[in-house]
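S.K.: Chains as they are written, first to last, in the UniProt record's numbering: chain A, 1 to 298; chain B, 1 to 316.
If you're looking for bench data, these hints aren't it; they were derived computationally from the structure.
Keep in mind it's a predicted model, so treat the numbers as computed, not measured.
Where a beta carbon is used, it is the ideal one built from N, C-alpha and C, also for glycine.
Treat the hints with care, as some may be off.
As the list claims (entries may be wrong) - In silico DSS-like pairs for lysine-lysine, Cα to Cα no more than 25 Å straight-line: (1) A/232 / A/102; (2) B/58 / B/120; (3) B/58 / A/257; (4) A/67 / A/103; (5) A/102 / A/193; (6) A/134 / B/58; (7) A/159 / A/102; (8) A/257 / A/67; (9) B/262 / A/232.
To be verified - So the derived list for chain B, only partly shown, Cβ under 7 Å to chain A, looks like this: (10) 28; (11) 29; (12) 63.
As the list claims (entries may be wrong) - Here chain B is said to cover these stretches of chain A; the calculated rule only asks that three of the stretch's residues, wherever they fall, bring their Cβ under 8 Å from a Cβ of chain B: (13) 76–87; (14) 114–120; (15) 143–157.
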Amino acid sequence: MRTRRSFGDISFTTLNYAFFALFTFLCVFPFYYLFINTISSNDLSARGLITWYPREIHFENYMQILKLKGLSQAAFVSVARTVIGTAATVLCSAFLGFLFTKKKMWARSFWYRFLVITMYFNAGIIPWYVVMMKLHMTNNFLAYILPMIVSPFYIILVKTFVESIPEVLQESAEMDGAGTMTIFWKIILPLIKPIAATIAIFAAVTQWNSFIDTVFLMTDQTYYTLQFVLYKYLNESNSLAAIIRSGGGTANIDLSKMQTATSVRTTVSMIVVIPIMLVYPFFQRYFVKGIMIGAVKG
Amino acid sequence: MEPVTQTSLKPAKSGGLFSERYRLFLYALPFLVLVFLFSYLPLYGWIYSLYNYRPGFKLSDTPFVGLQWFRAIFSNPTQAAEVGRVMRNTLAMSSLGILTSVLPVAFAIFLSEIKAMRFKKMVQILTTLPNFISWVLVYAIAFALFNVDNGLINKIMIGLGLQERGINYLASDNHTWLSMILWNTWKGLGWGAIMYIAAITSIDQELYDAAKVDGAGRFRTIWNITVPGIMPTYFVLLMLQIANFINNGMEQYFVFQNPINKDHIEVLDLYVYNAGMLGTNFSFATAVSMLKSLISIGLLLFANKLSKLIRGESII
Numbered sequence: 001m002r003t004r005r006s007f008g009d010i011s012f013t014t015l016n017y018a019f020f021a022l023f024t025f026l027c028v029f030p031f032y033y034l035f036i037n038t039i040s041s042n043d044l045s046a047r048g049l050i051t052w053y054p055r056e057i058h059f060e061n062y063m064q065i066l067k068l069k070g071l072s073q074a075a076f077v078s079v080a081r082t083v084i085g086t087a088a089t090v091l092c093s094a095f096l097g098f099l100f101t102k103k104k105m106w107a108r109s110f111w112y113r114f115l116v117i118t119m120y121f122n123a124g125i126i127p128w129y130v131v132m133m134k135l136h137m138t139n140n141f142l143a144y145i146l147p148m149i150v151s152p153f154y155i156i157l158v159k160t161f162v163e164s165i166p167e168v169l170q171e172s173a174e175m176d177g178a179g180t181m182t183i184f185w186k187i188i189l190p191l192i193k194p195i196a197a198t199i200a201i202f203a204a205v206t207q208w209n210s211f212i213d214t215v216f217l218m219t220d221q222t223y224y225t226l227q228f229v230l231y232k233y234l235n236e237s238n239s240l241a242a243i244i245r246s247g248g249g250t251a252n253i254d255l256s257k258m259q260t261a262t263s264v265r266t267t268v269s270m271i272v273v274i275p276i277m278l279v280y281p282f283f284q285r286y287f288v289k290g291i292m293i294g295a296v297k298g
Numbered sequence: 001m002e003p004v005t006q007t008s009l010k011p012a013k014s015g016g017l018f019s020e021r022y023r024l025f026l027y028a029l030p031f032l033v034l035v036f037l038f039s040y041l042p043l044y045g046w047i048y049s050l051y052n053y054r055p056g057f058k059l060s061d062t063p064f065v066g067l068q069w070f071r072a073i074f075s076n077p078t079q080a081a082e083v084g085r086v087m088r089n090t091l092a093m094s095s096l097g098i099l100t101s102v103l104p105v106a107f108a109i110f111l112s113e114i115k116a117m118r119f120k121k122m123v124q125i126l127t128t129l130p131n132f133i134s135w136v137l138v139y140a141i142a143f144a145l146f147n148v149d150n151g152l153i154n155k156i157m158i159g160l161g162l163q164e165r166g167i168n169y170l171a172s173d174n175h176t177w178l179s180m181i182l183w184n185t186w187k188g189l190g191w192g193a194i195m196y197i198a199a200i201t202s203i204d205q206e207l208y209d210a211a212k213v214d215g216a217g218r219f220r221t222i223w224n225i226t227v228p229g230i231m232p233t234y235f236v237l238l239m240l241q242i243a244n245f246i247n248n249g250m251e252q253y254f255v256f257q258n259p260i261n262k263d264h265i266e267v268l269d270l271y272v273y274n275a276g277m278l279g280t281n282f283s284f285a286t287a288v289s290m291l292k293s294l295i296s297i298g299l300l301l302f303a304n305k306l307s308k309l310i311r312g313e314s315i316i
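For reference, chain B alone in the conformation it holds in the complex:
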């Protein structure tokens, strides 16, 4: 509570403290309504998972089926198999994501070993550029480089005699996970390293000088000073990644998907879209979507707990 004396010192305003409290709230109200509409109201959509809903009908005209769709996820053979396949892709992409999370760390460490400032700046600026283009554009680039008719890679491979004719790299299900993670790395590596580069610059320079006096070589200094110096940053980001373990997003997979690679590219979000928006199984997709939301809240709380246990700090 605000001390009353403070307000009484100010020039008298009509209504005084009481109306000031509500006036400030009223200013914020329109925006809070937006938050309610676009972030809270969608929770109401969860009831569609309890019906056998088909778009175009009224919800009240469609049969109430209770938890049928949730049971179907586990017991209906076709649906269980599909969800299993989608979960496998989701977990594979997330695991690869966690494995490659050390790449930005390595990128930052080795870049900070470069002493030519202009080169360093140049590298930093140009490697962060891909982070700011959309996945559609990444796909446009992939298409220009890898398409079967006139793609650069095909032309080079044929020119070198490594291939006899064009290979349709994009419409193939070979190494789908690998190519997805590579595009991800191409787009995000430079940007991901920025935070670590900043963490390295904030390490006390005297530590390095002292190590040099003691005769420590380059790799010893990296291992004993730089790595411990950026560990806290890495840890926080790793926890966030664990919290997002089943949220791979769908944009990347949406633009790269085609009938041939669908088996390996369909992650949860994409599957929900394909099943609910394109297919006919609106209610089933809602049920999957809903379970996913619940699991990711669980994962967030888990990562937060883990962080508290290990480092004594929460991440949310």
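Next up, chain A with everything else stripped away, as it sits in the complex:
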């Protein structure tokens, strides 16, 4: 009896470890694969000869890719929308979440429902596009910011959190003559930092990864984001490599460093993923916290 069970146990444990090791490998390897292709000889990577480890390492690609005019502009747009959009979303969620705890607000529960209902329906993408067009949100940077400012889910998170803070804190401040705004900036905002951090992370990742809004709304290159440019490059990277090559002058005949379709593709992919990878380890616990709070629901 004992030996049989321990044999079963051992094989189960081994299989279990093997499965998780394999799946983890599948999750990580593609990123590694992209990376080694960006730093290896471009000639080898274009021929698909870089498989498990980098060869003839160089970092030229990252320098050359930035010469693409559209790319630095797109990077600027992506960073701008992420920074501005995240700040606006976090501040708005904090402020509205706080306001909706104020029982004195006129018709509070009506407006709260007015807001929360929008989580459960949408008019559909074409009607949405029509209205965005009418509001002059096409080829307009504000289209990346304004529609994302008010997000019911984040507001619910803040509201639930503020409700758990003892009211005495606010009351005593009111006694001292502090107005709503002062209370928000001086008392509430410092207290809700953990939840604000969680929201900031989610908002930033959403902004950085946003893609479809550019597809719908932007025809002017000025407003292309990195995600959108990457998508375009994936579909037309052969011609792009040619542009970089011709721009780089004819003196550049070193095959291992000459831009190829593959090098353009992989390098831009890395540029898109690196920011996520950089913030990810630090904020992993916030991600987890976020989904947990979401599970408890407001």
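Got chain A sorted already, so can you dock chain B onto it with the hints?
M.R.: Relative to chain A, chain B alone:
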């Protein structure tokens, strides 16, 4: 209503309670206007489904056609066939999604059987990473691994002698549904498991100890303690999935679509985009889009009712 005495105790503010009520509302007003503009105003766009609208014209200059487009969905042979095909894809993707919804559960259960904490943490961190990259990047990865010229998979298959030359896996309509659900799983499995892992950690440890004393084996404990412990979480998520049965989103399908796999990849949202934004049938796409919104509200209410019936709790 707030008791009046409470305010009268506070230092006198100009205007008192009455203006305080409206001042709080005025603070919120700019944001409520944004909600109105971006979430409610689009409902106005529904009237385009009643016209034969073409972009570039004024709505008033285009003919009013009443419910023609709605009838066309069911009666016009070409359009009915297209909608039928799109609905088939939508339902297939959603059904596969519901079938694979047990995978995160299994993932969480088996991961919690692993006792090496560092390994466990490592697995958890690295398998959630794909959830945070965009679908465009997933496609970039798919392209790097599966493209016909220098993709890794092609190189390996040829190297092993399993293929004679490169196969264009991405531009093929074989197993489109399967590959879509696999990418979905790759991206979402680790993240989807987090909630269940948390649910498992919150199960009373004494239950496990008691079961061990009673001589229950590993699988008995899993089946009789762990599974019932995470059932409530699973149920809620399943209901949400049912509510979203026809909302598969379009990003994944948009980036993976090409002329060859279009027949099997076009789900509702993507179809509406292709027909309305790229094609010329703006009003028809609006009608489809509108029906979709109505059906998904119906599904949400249905899932909510179901949840109330079975568990006595609503999901919205």
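S.K.: All the hints need checking, so say for each whether the structure fits it.
M.R.: Hints, one by one, checked against the model:
This hinted pair does not check out: residue 232 of chain A and residue 102 of chain A have alpha carbons roughly 48 Å apart, beyond 25 Å. A distance of roughly 60 Å separates the Cα atoms of residue 58 of chain B and residue 120 of chain B; the hinted pair therefore is violated under the 25 Å criterion. With a C-alpha separation of about 54 Å, the suggested pairing of residue 58 of chain B with residue 257 of chain A is violated against the 25 Å cut-off. Taking the CA atoms of residue 67 of chain A and residue 103 of chain A, the gap is near 56 Å; set against the 25 Å cutoff, the hint is violated.
Using a Cα cut-off of 25 Å, the hinted pair residue 102 of chain A and residue 193 of chain A holds, with the two alpha carbons roughly 20 Å apart. Between residue 134 of chain A and residue 58 of chain B, the direct Cα distance comes to roughly 12 Å. Compliance with the 25 Å bound is thereby established for this hinted pair. Distance hint between residue 159 of chain A and residue 102 of chain A is fulfilled; the C-alpha atoms sit about 10 Å from each other, no more than 25 Å. Between the alpha carbons of residue 257 of chain A and residue 67 of chain A the distance comes to roughly 15 Å, so the proposed pair stays at or under 25 Å and holds.
The straight-line distance between the Cα atoms of residue 262 of chain B and residue 232 of chain A is roughly 19 Å, inside the 25 Å bound, and the hint therefore holds. Because the closest C-beta pair between residue 28 of chain B and chain A is about 5 Å apart, less than 7 Å, the hint holds. The interface hint given for residue 29 of chain B is violated, since its Cβ lies 9 Å from the closest Cβ of chain A, which is over the 7 Å cut-off. The restraint placing residue 63 of chain B at the interface with chain A is violated, with a minimum CB-CB distance near 18 Å, outside the 7 Å limit.
With 0 residues bearing a CB less than 8 Å from a CB of chain B, the region 76–87 of chain A misses the requirement of three and the coverage assertion fails. Counting residues of the region 114–120 of chain A whose C-beta lies closer than 8 Å to any C-beta of chain B gives 4; at least three are required, and the coverage claim holds. Counting residues of the region 143–157 of chain A whose beta-carbon sits less than 8 Å from any beta-carbon of chain B gives 4, enough to reach three: the coverage restraint holds.
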